[in-house]
Structure formats: C-alpha cells, structure tokens
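> In order, the protein sequence lines correspond to chains W and X.
Counted the way numbering that gives the first Met the number 0 counts, the first sequence spans residues 0 to 166.
Counted the way numbering that gives the first Met the number 0 counts, the second sequence spans residues 0 to 166.
Treat the hints with care, since some could be wrong.
[Said to hold, decoys possible] Listed next, the in silico BS3-like pairs over lysine-lysine satisfying Cα-Cα at most 30 Å (straight line): (1) LYS42/W - LYS42/X; (2) LYS140/W - LYS164/W; (3) LYS164/X - LYS128/W; (4) LYS42/W - LYS164/W; (5) LYS140/X - LYS94/X; (6) LYS42/X - LYS164/X; (7) LYS128/X - LYS164/W; (8) LYS128/X - LYS94/X; (9) LYS128/X - LYS140/X; (10) LYS164/X - LYS128/X; (11) LYS94/W - LYS140/W; (12) LYS164/W - LYS164/X.
Calculated directly from the structure, the hints in this document are not laboratory data.
Just so you know, these numbers come straight off a predicted model, no measurement behind them.
Protein chains: 2
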Amino acid sequence: MHLRSTPLPEDVQAVRRMATETGFFRPDEVDVAVELVEEHLAKGTDSGYYFHFAVDPERPETHEPVYDPPLGYVCFGPTPCTIGSFDLYWIVVDKASQGNGLGLQLMHQAEQSARTMGGRRMYVETSGKELYRPTQRFYEKAGYSVAARLPDFYDLGDDKIIYQKNL
Amino acid sequence: MHLRSTPLPEDVQAVRRMATETGFFRPDEVDVAVELVEEHLAKGTDSGYYFHFAVDPERPETHEPVYDPPLGYVCFGPTPCTIGSFDLYWIVVDKASQGNGLGLQLMHQAEQSARTMGGRRMYVETSGKELYRPTQRFYEKAGYSVAARLPDFYDLGDDKIIYQKNL
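Extracted from the complex, chain W is given alone in its bound form (with noise of 0.2 Å):
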C-alpha cells in the first residue's frame, strides 16, 4: 500500500463517491465525510482532521502530476479539548477493494501517526444496529473494545457504541 497524507482538490469528490459506493451511509452523513476533506483542504491540519489515502501502488509511474484517485481513506485527529484522545472519523474502503486487508492497514497507519502525536486512547463511534455487526467485527479484530453504549443515540432503537483502544 503506498500512501498519501495531503489530501487534494479531487479527493472531494472521490470520498463522496467511495462513501456513497459503499451503500452504509445516509446522504447527510456523506456530506460530512466530504465537509471534513474541505475543511482540511481550507485550513490545513488546523482543521484538526488528518488523512491518509490508500494509493494503488501497481500504478506505472509518468513524469506527468496526475492525480492517484485512492482506493480508501482515513481521517482522524486529536479530540479537542483532550490531552492523548485521538478520534477516528471516517475510514472508507472502495467497494473494488475490499476485502484484502486496506481497511486494517489504514486503521494501523491512523494510530501510528497519532502516536507520534503523542496520543494514548483511539475511540471510534458506530451504530449498534445489526446492519453494522461486520462493522463491529472489523474494529473487534483491529484490538477495539467496547468503551461504552448510549441507547437511541443515533434514533429510536438505534444505539452508539463507543469503541477505544489503548495506542
């Protein structure tokens, strides 16, 4: 896996299409996983949200700048007003590449850099609702366990389940 942590212009667009693509996601969560690419791409890692993109490594090399579009992303940052408390935003992997481990491999990638930040605590959100058990499996495996669950958080008989793990 080859990456690329700035994200670009065309990144907007391919998030909103790797996000839509996966078929988890409402349109209103959509337009903020694409609201946090724009807020990088207007204020730099002030924003407070960082990225990695998974770029296909296979890609013969030219001499021309051309954009790499990314077969999966990550975007996490420091909790505000914590000390050592890393949030996991978003990770997406393109529905033509799942299943070989990116999402693993980005996930890993997101809590290295946080701790060269100096975090300690990664915490990650989803939804308790059965829709979302391979979600579940997936930070399961990557060492989460369940910090907490708020009951109806997200609606009527849809729970928050708070994941952490120590970094």
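Put chain X on the given structure of chain W with help from the hints.
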C-alpha cells in the same frame, strides 16, 4: 429571567469574560466556547449551535438600543447525524449571579427548545474529576443520569462522564 436567543457581536467578549471568570475552564476550552458564538454569528442556526442568554429583567427600559450583557447563557443543538439527540455544549452563569437557580432555568429552557425541535434526549459531558463534583451534582439535580464513563478521556486520571436525560 428574561431571555435573548439571538447572539450579538458583543456576546463574543461577554462569553469569553464569563467563562474565564468561573475559573473552571482552560484557555483552550474558553476559545471553543467563544468559537461557537462566532460560528452562530457567521452562519445563524445553520451552525447547529443554539443559544439562550439570560438578561437582567430589572434593567430600566430605554428608547436607545443598548446591549444587555448576559448574566449567563446556555449553548445547545441537535447532535449531527442523529434523529432526536441533542447536545448541551455549554452552560455558564456569571460569577456574580451564581446560586440563584439561573443555571437550572437555562437548562430547562434549552431542554424545552430541544423538545420543540424534536429532541428526545439531551446529552451533556463533563470531567469525572473531584473539582467537577459541583458540576456533576448540578446535572444530577437537573434530572440527568450517567450514561457512560470513559476512563482517562480528557487526560490521564481525568475521565469523561456522559450524562443523559430523556426529554
């Protein structure tokens, strides 16, 4: 208590002063409180931040439009990507006006407004440290119960308590 629900440019400094003078918040936390007022001034309710400012009902009426400095304020809003959840972001009562039940009245107003906007639950977060026992007791008196506790969230030895109230 009289309420003003539209932030004015003068509130930026008033909020900075009140939050600082309580002695409860670090400078970076005060900055966040101020930013939420600025966000509303820039974007209105599109910011997602709603306010009630308590103003002095005893103040003599005048024909001149004058700025009424608040005695306290509450900032709240719908939790993004949820249906029916609200966050109470800030509640501050000016040092000189504390102990008169103003905080509970502001709390009640925020809950009432959230209910009007379809809110079913209000969440508020605070530190688990001993210093925050008065804050914790305040939320408990206002009908909030502990939904979760995240160890070392704010810093080593500084847990986050998430309080919740059904509206």
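> All the hints need checking, so say for each whether the structure fits it.
These are the hints, each one checked on the structure:
A C-alpha spacing of about 18 Å is found between LYS42/W and LYS42/X, which places the hinted pair at or below 30 Å, so the restraint holds. Between LYS140/W and LYS164/W, the direct Cα distance comes to roughly 11 Å. Compliance with the 30 Å bound is thereby established for this hinted pair. Under the criterion of a C-alpha separation no larger than 30 Å, the hint pairing LYS164/X with LYS128/W is consistent with the structure, at around 22 Å. Of the supplied pair hints, the one linking LYS42/W and LYS164/W holds, its CA atoms being roughly 28 Å apart against a limit of 30 Å.
At roughly 20 Å between alpha-carbon atoms, LYS140/X and LYS94/X fall within 30 Å of each other, so this suggested pair holds. Annotation: proposed proximity of LYS42/X to LYS164/X holds, straight-line Cα distance about 28 Å (limit 30 Å). Our distance criterion of 30 Å between C-alpha atoms is met by LYS128/X and LYS164/W, whose separation comes to about 22 Å. This hinted pair checks out: LYS128/X and LYS94/X have alpha carbons roughly 21 Å apart, not beyond 30 Å.
With a CA separation close to 18 Å, the supplied pair LYS128/X and LYS140/X stays within the 30 Å bound. The straight-line distance between the Cα atoms of LYS164/X and LYS128/X is roughly 21 Å, inside the 30 Å bound, and the hint therefore holds. Simply put, LYS94/W and LYS140/W have alpha-carbon atoms about 20 Å apart, close enough for the 30 Å limit, and the pair holds. For the hint linking LYS164/W to LYS164/X, the alpha-carbon distance of about 28 Å falls within 30 Å, and the restraint holds.
Taken one by one, the earlier hints all hold for this structure without exception.
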